[in-house]
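Undergrad: Chain residues, written in single-letter form:
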Amino acid sequence: MTALARLRDLAPWAALLALVAFFALSSEHFLNLRNMERLAIDSATLMLVAFGMTLVILLGEIDLSSSAVVPLLCVLLALLLQAGVGWPGAAALVLLAGLAIGALNGGLTVFGQIPSFIVTLGTMAVATGLAYILTGAISVPILDETFLRLFYDARILGLPVPLVLVILGFLGVLVLSARTRFGHELRAIGANARAAALSGVPVARRRLAVFVLMGGLTAVGALLAGARLASGAPGSVQTLTLDAIAAVVIGGASLFGGRAFVQRTLVGAALIAVLNNGLVLLNVNINAQYLIKGLIILAAVVLERAATGARE
Amino acid sequence: MTARRFLARYGVVLALVLLVAGLAAVSPAFRTAENLVGIGRQVAILGIAAAAMTFVILAGEIDLSVGAVAGAAGVVAAVVLAAGGGWAAVPAALAVGLGFGLLNGCLVIWAGVPSFIATLVSFFIAQGVALTLTAGQTIRFSADTLRATFATGAVAGVSAAFLWLLVVLAVLGWALHRTRFGAHLYVLGGSAQSARMLGLAVDRLRVAVFALTGGLMGLVGLILISRIGNARADGAIGLEFDAIAAVVLGGTALGGGTGALWRSVAGVALIGVLNNGLAILNADFNVQQVVKGVLVIAVVLIARWTQTVERA
Numbered sequence: 001m002t003a004l005a006r007l008r009d010l011a012p013w014a015a016l017l018a019l020v021a022f023f024a025l026s027s028e029h030f031l032n033l034r035n036m037e038r039l040a041i042d043s044a045t046l047m048l049v050a051f052g053m054t055l056v057i058l059l060g061e062i063d064l065s066s067s068a069v070v071p072l073l074c075v076l077l078a079l080l081l082q083a084g085v086g087w088p089g090a091a092a093l094v095l096l097a098g099l100a101i102g103a104l105n106g107g108l109t110v111f112g113q114i115p116s117f118i119v120t121l122g123t124m125a126v127a128t129g130l131a132y133i134l135t136g137a138i139s140v141p142i143l144d145e146t147f148l149r150l151f152y153d154a155r156i157l158g159l160p161v162p163l164v165l166v167i168l169g170f171l172g173v174l175v176l177s178a179r180t181r182f183g184h185e186l187r188a189i190g191a192n193a194r195a196a197a198l199s200g201v202p203v204a205r206r207r208l209a210v211f212v213l214m215g216g217l218t219a220v221g222a223l224l225a226g227a228r229l230a231s232g233a234p235g236s237v238q239t240l241t242l243d244a245i246a247a248v249v250i251g252g253a254s255l256f257g258g259r260a261f262v263q264r265t266l267v268g269a270a271l272i273a274v275l276n277n278g279l280v281l282l283n284v285n286i287n288a289q290y291l292i293k294g295l296i297i298l299a300a301v302v303l304e305r306a307a308t309g310a311r312e
Numbered sequence: 001m002t003a004r005r006f007l008a009r010y011g012v013v014l015a016l017v018l019l020v021a022g023l024a025a026v027s028p029a030f031r032t033a034e035n036l037v038g039i040g041r042q043v044a045i046l047g048i049a050a051a052a053m054t055f056v057i058l059a060g061e062i063d064l065s066v067g068a069v070a071g072a073a074g075v076v077a078a079v080v081l082a083a084g085g086g087w088a089a090v091p092a093a094l095a096v097g098l099g100f101g102l103l104n105g106c107l108v109i110w111a112g113v114p115s116f117i118a119t120l121v122s123f124f125i126a127q128g129v130a131l132t133l134t135a136g137q138t139i140r141f142s143a144d145t146l147r148a149t150f151a152t153g154a155v156a157g158v159s160a161a162f163l164w165l166l167v168v169l170a171v172l173g174w175a176l177h178r179t180r181f182g183a184h185l186y187v188l189g190g191s192a193q194s195a196r197m198l199g200l201a202v203d204r205l206r207v208a209v210f211a212l213t214g215g216l217m218g219l220v221g222l223i224l225i226s227r228i229g230n231a232r233a234d235g236a237i238g239l240e241f242d243a244i245a246a247v248v249l250g251g252t253a254l255g256g257g258t259g260a261l262w263r264s265v266a267g268v269a270l271i272g273v274l275n276n277g278l279a280i281l282n283a284d285f286n287v288q289q290v291v292k293g294v295l296v297i298a299v300v301l302i303a304r305w306t307q308t309v310e311r312a
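Order-wise, the sequence lines are chains A and B.
Position one of the first sequence corresponds to residue 1 (our numbering), numbered consecutively onward.
Position one of the second sequence corresponds to residue 1 (our numbering), numbered consecutively onward.
Hints are computed from structural coordinates only; laboratory data are not their basis.
All of these numbers come straight from a predicted model, not from anything done at the bench.
One should not assume that every hint holds.
Across the chosen pairs, the derived CB separations fall in these ranges [what the hints assert, rightly or not]:
1. A:Leu279 with B:Arg180: 46 to 56 angstroms
2. B:Leu301 with A:Leu282: 20 to 30 angstroms
3. B:Pro91 with A:Ala21: 20 to 30 angstroms
4. A:Asp9 with B:Ala148: 50 to 60 angstroms
5. A:Leu282 with B:Ser142: 34 to 44 angstroms
6. B:Tyr10 with A:Val164: 22 to 32 angstroms
7. A:Pro88 with B:Tyr10: 45 to 55 angstroms
8. A:Ala18 with B:Arg178: 36 to 46 angstroms
Every residue, glycine too, gets a C-beta built ideally from N, C-alpha and C.
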């Protein structure tokens, strides 16, 4: 392994440790169990979307629609609850809607042969528009106590539910991508789709499956976001797409596909989560976030390309 | 020429004629001279962005950063104006646009990053610059001559913004269809490998296209703030999608190599008339978003379908 590749693999850990140390020294509110738990709950949606994005990027595709789909699904959830549909039914419908949106993104990309960044840019426009149309640009409160408790405060084995769902999502995607035939096939498709097809991988079905999976993870993320914000509001999670792509890229994934690891995405997402939390604690202008994260992605992308180029 | 092939080539013109005829028949408010002038004023920004995007798409690339870069250029110009810098705002805006264009180009040729990722990085950074400078507020300034020069002034009843569009179209049309640069662009978009084997300076062409687009976004930023007399970070949000929509509606192929500037002009006219018609019919902005999102994906699908027909 070249020095650059080693740097690429260690840089996220080093940056995460440095960031934690920095925030711990600059704010007495940062490094305590309470805040860490808050941080984990607040970043649950990001984590789940980033896990899905890892698989999408592993294929060499992208999904730009998350920060519009999550608010749309939250709005749908809030309206369903308001209309008197019980929380299990509402949650199930939101999950179905998420899977359907994923299937739409995947179907248009795979069978329509449209580049995924165009498809998801289109879904983003449609989802944003729909969320505003459905609500009239007003946030719809979620008042169902059971739902709010279950998806936000409740604990399983002492762990908050959002954290449990993140752990399950992580383990699921990890096992799927690293331990199953499905995962190996995804890697093969990402590295060279034609070669994968020639060696008998059902390329179209696998690509579609990844987009559907992404839709499902996004929907679970939306349920958690709805419970955390106690409302369905259009325009509520504006930096989600940025954060999720940043998490995957910081993890050293290749944007050409074929190389992306969900355990590294976890480190990347933790870095973004710590950054979000710490910047708020330090009262840093929230608008500077885009700039800081943009520069971080820039550095990660250049480092990844330099490391890969040096190896070839 | 079969009917299907005719539709594939000139469908945009047909759609435009039908739409104009339909609106003119239904709405007396549509067929006034003031309304036509109004459409011209409204499409100036989209027209310049779509013209630049035509070059990018013809070269086989994409630029997702145009809206954010135009916004950032406008904000920087407004900061200069508010500080009493006067006309220095013009080179400042152009430099911001050009800088991001060069960043895009260099990321694509040196780091070898796919252009949708390179320009997504610029999108985030430009948005960060604009948000940080404005701190989420509106920057006000007074500069009547500058505003008149770029937007509010008029020559013989034609607004300055529209005149800028005409100038840009004339220059870009000449560059694309009358110069070696334009011819090389088509070769590059058709097949980068062939372009390289023909001895074309592929990398230099790519950087030139992104730099050109960036520079024009500096101009768009100036028109943007001149039109309304203040600057906001989200002033041109979504412009990239509208520009891609206009180019694709016109029939220029995603993936590069085939298309023309007049096609994008027709696409811009179609979107301009569509927005105007929807506004006259009292549909709100979000309905327009949904319509555009669906339209783009539908058109790309139809384009794929007709291509398959032509190949078969």
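Undergrad: For each hint, tell me whether it holds in the structure or not.
TA: So, going through the hints one by one against the coordinates:
1. At about 50 angstroms, the CB distance of Leu279 of chain A to Arg180 of chain B agrees with the hint of 46 to 56 angstroms.
2. The supplied range of 20 to 30 angstroms is broken by Leu301 of chain B and Leu282 of chain A, whose beta-carbon atoms lie about 48 angstroms from each other.
3. Separated by about 43 angstroms at the C-beta atoms, Pro91 of chain B and Ala21 of chain A break the suggested range of 20 to 30 angstroms.
4. The beta-carbon spacing between Asp9 of chain A and Ala148 of chain B, approximately 56 angstroms, falls within the hinted interval of 50 to 60 angstroms.
5. A C-beta distance of roughly 36 angstroms is found between Leu282 of chain A and Ser142 of chain B, which places it inside the suggested range of 34 to 44 angstroms.
6. Between Tyr10 of chain B and Val164 of chain A the beta carbon distance is about 58 angstroms. The supplied range of 22 to 32 angstroms is therefore violated.
7. Roughly 53 angstroms separates the CB atoms of Pro88 of chain A and Tyr10 of chain B, a value that falls within the hinted 45 to 55 angstroms.
8. For Ala18 of chain A paired with Arg178 of chain B, a C-beta distance near 55 angstroms fails the hint of 36 to 46 angstroms.
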